[in-house]
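Novice: Just need the whole structure built from these sequences, with the hints factored in.
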Amino acid sequence: MLCPVECGALPSVAWPDRGLSSLSILPTPTKIWEKQRYSSIYKIIEDYSKQRHAQKINNSLLTSRGLDCNEPNLPSDPRQWSREDVARWIQYVSTTHQLPTVHLERFAMNGKALCLMSMDMFVSRVPLGGKLLYKDFQLKLSRALYS
Numbered sequence: 001m002l003c004p005v006e007c008g009a010l011p012s013v014a015w016p017d018r019g020l021s022s023l024s025i026l027p028t029p030t031k032i033w034e035k036q037r038y039s040s041i042y043k044i045i046e047d048y049s050k051q052r053h054a055q056k057i058n059n060s061l062l063t064s065r066g067l068d069c070n071e072p073n074l075p076s077d078p079r080q081w082s083r084e085d086v087a088r089w090i091q092y093v094s095t096t097h098q099l100p101t102v103h104l105e106r107f108a109m110n111g112k113a114l115c116l117m118s119m120d121m122f123v124s125r126v127p128l129g130g131k132l133l134y135k136d137f138q139l140k141l142s143r144a145l146y147s
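For the sequence shown, UniProt numbering gives the first residue as 1, with consecutive numbering after it.
In case anyone wonders, no lab produced these hints; they're calculated from the structure. Careful: at least some of the hints might be erroneous.
In the PhoX-like style, the derived pairs of lysine-lysine whose C-alpha atoms are separated by at most 25 angstroms in a straight line are [stated by the list, open to error]:
hint	residue 1	residue 2
1	LYS135	LYS112
2	LYS131	LYS56
3	LYS135	LYS56
4	LYS56	LYS112
5	LYS131	LYS112
6	LYS140	LYS112
7	LYS43	LYS56
Restraint ranges, calculated between C-beta atoms of paired labels, are given here [claimed, not checked]:
hint	residue 1	residue 2	range
8	THR96	PRO75	15 to 21 angstroms
9	LEU141	ASP47	35 to 41 angstroms
10	LEU141	HIS97	42 to 48 angstroms
11	GLN51	SER147	30 to 36 angstroms
12	SER118	ASP47	38 to 44 angstroms
13	HIS97	ILE41	24 to 30 angstroms
Since the model is a prediction, treat every value here as computed from it, not as a measurement. Glycine included, C-beta positions come from ideal geometry on N, C-alpha and C.
Specialist: If you want it as C-alpha cells, here you go:
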C-alpha cells in the first residue's frame, strides 16, 4: 500500500505531521568541528574584504571630488607638465592603484609628448597598468580642455 503523501494526497489525520517535515540533514560532529575550525579564517577574510572595499570606495570618492591630499601639486593642464611633473604623476597613479613598479625612464618626456602617445604606446611601456595610466591622463587632459 502506498503512503498518501507518495500518491500526491495531502497529509490527513491518519498521517499526522510530527514536525519532521521541515527537518533537513543533521550536521555530523565532524561538520560542526570543521565549521568551528574554519569560521575564524572566514571571519578574517570577510573582515579584510570589507576593509579593502571600504578603502576603495573612500579612495574613489576622494579622487572623484579632487580632495585626495596625496595627489601631487601638478599644473591642471597636462600639456604644461615638465618631465618631473610626469614622473610625479606616474608615481602617484602607480601607488594609488597599486600597480607594479613603473620604470620612469620609459616616460622621460614632458606633458606635450604624453599627449601624442596612444593607448598602445602606454601599454607597451607598462604592460600591467598602461591602460589605466592612459585613461587617467586622458581624463586630466579632457578636464583641462573642456573646463
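Novice: Which hint numbers doesn't this structure obey?
Specialist: 4 and 10
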